[in-house]
Amino acid sequence: MQQKSSWHEVNSAAIHTSITGRVGPVAFALFAAVVLVATLASPPRADAQTSSPWSPAAETRSVRILGIGEFSGALSRPVGFQGELRDGSGNVRPAGGGPHLAATVGKLRDQAEDSLLFATGDSIGGTAPEAALLGDRATIEYFNRLGVDGAGVGRRELEKGADHVRSLVTPGCATERDCRVDPPLPPFRGAAFPFLASNAIPSPDSAPTFPFAIHRVGDVRVGVVAVTSPSTSVPETTTRLTDPLRAIDETVESLRFLGVEAIVAMVQSDAVHDNLDPAACPDELTELDLVKQLNPAVDALIVGASGGPATCRVFDSDNDERVVVAPASHGRSVTVVDLAVDPSTGDVIRPQTSVFNQTVNLDIEPDAGTEELVRQAQAAAAPQAREVIGTADETIERAMDANGESPLADLIADGQLHAARGRGAELALSNPDSLRTDLPAGPLDYADLHTVQPYGDRLYLVTVTGEELRAAFDHFADDIGRNGPAVSSNVRYTVDLRRPPGARVSEIIIDDEPVDPGREYTVVVNEFLSSPEWHGSVLAERGDRREAGVTDLDALRRYVAEEGPLSAPETGRISVVG
1 MQQKSSWHEV NSAAIHTSIT GRVGPVAFAL FAAVVLVATL ASPPRADAQT SSPWSPAAET
61 RSVRILGIGE FSGALSRPVG FQGELRDGSG NVRPAGGGPH LAATVGKLRD QAEDSLLFAT
121 GDSIGGTAPE AALLGDRATI EYFNRLGVDG AGVGRRELEK GADHVRSLVT PGCATERDCR
181 VDPPLPPFRG AAFPFLASNA IPSPDSAPTF PFAIHRVGDV RVGVVAVTSP STSVPETTTR
241 LTDPLRAIDE TVESLRFLGV EAIVAMVQSD AVHDNLDPAA CPDELTELDL VKQLNPAVDA
301 LIVGASGGPA TCRVFDSDND ERVVVAPASH GRSVTVVDLA VDPSTGDVIR PQTSVFNQTV
361 NLDIEPDAGT EELVRQAQAA AAPQAREVIG TADETIERAM DANGESPLAD LIADGQLHAA
421 RGRGAELALS NPDSLRTDLP AGPLDYADLH TVQPYGDRLY LVTVTGEELR AAFDHFADDI
481 GRNGPAVSSN VRYTVDLRRP PGARVSEIII DDEPVDPGRE YTVVVNEFLS SPEWHGSVLA
541 ERGDRREAGV TDLDALRRYV AEEGPLSAPE TGRISVVG
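Using our numbering, read the sequence shown as starting at 1 and increasing by one per residue.
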């Protein structure tokens, strides 16, 4: 049945005024630009009991904190692993999709007397063509209807720039062209929730964000802090970031000065893991420096940008247990943290805090209102999404063979070299695990290409010596068969597994010539392979890195249009011995 509470109506005009009215440097310098969100609630309940090192409270108020992370505009359920999770029996099942997420959030809200919903960041971006082609406005409207109480700022928001984020909090369209869609969409209201970035450096040119938020729930207050890890892949012209741990410490100090003791933190990090079990606690999360060094005053931590879900309890520096959770990306799960707050002190009684990670299953009836929103967005985006770019004579598969070679990844590398040759590129490297699905046979439209590479990540030109290039290949050699790396058709290399790690690449041939250790080569690579925070090699650490002026999706689109009809490239670019 339709979950009414997933339609969380808010006064968007009032919140919009509070956001845009504090964009200037003076208002940001006045750190007291606090968002106070009043949540209607019944009187405190007295049914919770305390058993812990804490003194028993006469009564507690339970506040449910719901979290979604790295939504990436997934209004419709993504194909492949980004639309799947593992169930309690260990089976991988489909999960996610905007209407099912809305229904799940509604059900979780109905189960609790008081609840708040937060998005950790990387909420925008183009997983769904309708999100990308409509400038993320459909995603923001979806969040409005979902009842999001605050959203962190992640890499996707930062790389799109402050002006884009500003357009998302402003009603109407950024340009006249944005409004000209057929069939027309309802008027855009702008974000009815604040964007939070505790480690953003205030400036007139930075994104319109708040350093923290305070939510009043009956007679208790909950403070929310949000940080994102600085990224070298974000252009220098956008919002600058400070050290996340220091920002949390300073923000916590401000919240406690204002009398707030119940504190929730959100972080967008690079703790990527492959876990698909919502109940599991992967080491990649607990070993994160930010988790281990987090201020002990933070009562719960929601980690975004980790890809898979996680449900953990870790000890802080005061040896008190703290909940650390991660929602699965793309709306596949919702983290649920039930805080037990002592109204007399405003502090969280941590032993009474309960936590679980709710999978967004497809057996729940989808929310009818958000189904209609997604349908409208798809209809408005259809003229562009269904524009035929070229054709493929056969299905080109992303699956890798025993040598770690994928026909589709090879084609992607060919396309990237094709797009960047005019800027000096001599070879291309691409990671196969960035591809989301096969490229189908027949006419290829924008939606087909977008489904393969949905994010539109920038490509970079990196100039390195032949010796550094060999070191880069060796860096990825241990990952052969999983995600490292595909090469353009003018490259051949051999991996000898009998040799020690770090020296397994025995031969590299470029344009029929062995690599010269002293010569310089210009490589075109994507953000993943060129960024240190994404496990980068010497391509990021010692290379001359500059933008190629094209995205991976643009490169694929150009290649399909100019080099079609396409067929699967012959494999054999990678040889593995031993």
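Hints listed in this document are in silico derivations from the structure and should not be mistaken for laboratory results.
Ideal Cβ placement from N, Cα and C applies to all residues, glycine included.
Check before you lean on any hint, since a few could be wrong.
The calculated label-pair distances, taken between Cβ atoms and stated as ranges, are [unchecked claim]:
{"hint": "1", "residue 1": "T571", "residue 2": "G424", "range": "25 to 35 Å"}
{"hint": "2", "residue 1": "R519", "residue 2": "D401", "range": "45 to 55 Å"}
{"hint": "3", "residue 1": "E467", "residue 2": "R423", "range": "46 to 56 Å"}
{"hint": "4", "residue 1": "D544", "residue 2": "D163", "range": "23 to 33 Å"}
{"hint": "5", "residue 1": "G259", "residue 2": "D544", "range": "45 to 55 Å"}
{"hint": "6", "residue 1": "S203", "residue 2": "E563", "range": "37 to 47 Å"}
{"hint": "7", "residue 1": "D544", "residue 2": "L245", "range": "25 to 35 Å"}
Taking lysine to aspartate or glutamate pairs in the DMTMM-like style, the calculated list, with each CA pair at most 20 Å apart, reads [to be verified]:
{"hint": "8", "residue 1": "K292", "residue 2": "D249"}
{"hint": "9", "residue 1": "K292", "residue 2": "E250"}
{"hint": "10", "residue 1": "K292", "residue 2": "E321"}
{"hint": "11", "residue 1": "K107", "residue 2": "D320"}
{"hint": "12", "residue 1": "K292", "residue 2": "D320"}
{"hint": "13", "residue 1": "K107", "residue 2": "D316"}
{"hint": "14", "residue 1": "K292", "residue 2": "D270"}
{"hint": "15", "residue 1": "K107", "residue 2": "E321"}
{"hint": "16", "residue 1": "K107", "residue 2": "E371"}
{"hint": "17", "residue 1": "K107", "residue 2": "D87"}
{"hint": "18", "residue 1": "K292", "residue 2": "D219"}
{"hint": "19", "residue 1": "K292", "residue 2": "D316"}
{"hint": "20", "residue 1": "K292", "residue 2": "E253"}
{"hint": "21", "residue 1": "K292", "residue 2": "D318"}
Starting from the hint list further up, note which numbers the structure goes against and sort them upward. 2, 3, 11, 13, 15, 18
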